[in-house]
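Given chain A's structure and the hints, the job is docking chain B onto it.
Just so you know, the protein sequences line up as chains A and B, in that order. Its first residue numbered 458, the first sequence is counted upward by one per residue in my numbering. Its first residue numbered 3, the second sequence is counted upward by one per residue in my numbering.
Rather than coming from a laboratory, the hints here were simulated on the basis of the structure. For each residue, glycine too, the CB sits at the ideal point set by N, CA and C. One thing to keep in mind: the hints can contain errors.
Unchecked claim - Each pair of labels, with its calculated beta carbon distance range: (1) B/D92 <-> A/K637: 45 to 53 angstroms; (2) B/T54 <-> A/V775: 28 to 36 angstroms; (3) A/K551 <-> B/I76: 56 to 64 angstroms.
Unchecked claim - Some chain A residues flagged as far from chain B (calculated, every beta-carbon gap over 12 angstroms): (4) I460; (5) G553; (6) K586; (7) P607; (8) G671; (9) K708; (10) W709; (11) K713; (12) I763; (13) S789; (14) K815.
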Amino acid sequence: MNIKKTSLNNLHIKYGAKLVEFAGYQMPIQYKDGIIQEHKYTRSHSGIFDVSHMGQLFISGGDDLTNDLEKIFPADLKKLKTNQSKYSFLMNNKGGIQDDLIITKTSDGFLIILNAACKYNDYEVIKSKLDNQYKLNLDESLSLIALQGPEAKNVLNKVIPGCNSLKFMNGNNHVYKNEKVYITRSGYTGEDGFEISIKNSDAETFVESLIENGSKLIGLGARDTLRMEAGLCLYGNDLDNDTSPIEANLKWAIPKSRIETEFVGSEVLKNQFQSGVKKLRVGIKPDSKVIARGNTKIYNDKNQEIGKVTSGTFGPSVEHPIAMGYVDNSYSTVNTKIFLEVRGKKIPANICNLPFYKKNYVKGEINV
Amino acid sequence: MSEVKYSKEHEWIKLDGEEATIGITKHATEMLGDIVFAELPEKGSNVDKDGTAGVVESTKAASDVYTPVSGEVIDTNKMIVDDPSKINEDPEESAWFFKLKIKDKSEMDSLMSKEEYEKFAKETSA
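Looking at chain A on its own, in the form it has when it is part of the complex:
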């Protein structure tokens, strides 16, 4: 299979990226500054992330679309205003997560942002569940650029004036070089930021202009440490087909109004809402400097296995190892002492609150 390249591939090379294969795409893991500097620059200034490998699925056509999509996704799509976004899930019949995604209501339908590794399968699943009644377009003529960090609003506003009036989890159409771009205020770093959907042919000049205004390209390595500090899940690590949104501690993303209604996986979810779950995603803070990575086994003080780490790294901003994982629900209370098996040794750690790094989302700003 041919490895795909995003429209920013030449730019990645120009800025000294170390390229790796990720979900079938050649992507930058880091640039010259390295993961820690890139991470810190995003937190102190702003960072540009090429997320063009992610799927941009446009669905339109038909008055029943909202109703039919509510049979698939557990989001309150009827209440969604045009240009408003919600975090939701594509689930299987067992309530397991096939993908986590962001749904935005557009003027003529919905835009769904899908994980790169899941997008083609998601497309087929959604298409068949909609009985081929609607127009679905997994648009690969568009790039997706994330701009994240406290300076993101100022940098972007210089390139596309007016965008900093957007509120968090809202989007709008804007114009760049006489072409339509769609911008949402959202992200995956725990910082204020934007995601810009832009024509492939304009992506490179757009990113260069962000760089000219003080921002820097950031690789997937720092994207991972940033999202972990923000307590956000990575599909494939922290979420999978055998894990429900309730188990993943993402109950907040399922509105009360939808619990009694039907959608794929609703039976299982309703049960879990009533009777609770056996395992739960938690934050984990090791006592020492030892890093517990994904798949590290978790034990209680009686040496019984009680769970597994799903993501772990050193948090450059919190300056300490951090992890998240799933434990037996009876061990999920904050400050519960647990032990992580790293290289044959049991490392003491505590269950802790997520996120590790406090969020800095902006509710909307008109004058900057």
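Using the frame of chain A, we list chain B on its own:
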């Protein structure tokens, strides 16, 4: 003049009489990226040639550190445990990992010279 040699696992070793100082090469640190954790062998323990004698972790992954020769650990560098970023800054001087009382000097013979190692590193990373 003390002798510096290199292993295929990207460690350097400097022999001064009976005392061998061991660390990881600059090339190794460049491959690893930002180092955020280091674990060293215990003082007084014995380590065997090509055996594991420590761990370094970058933001991305963990890697074992091997000893290129056998011997008794007589000293470890606490500085790199307290501040692992020193390994990226000065890997072949102040950020050494451990010192051994070497058991068999002939174990040095199979290791590479600086020129050989540079060639090896270039070929294996290409």
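Hints violated by the structure (numbers, ascending)
Every hint satisfied by this model.
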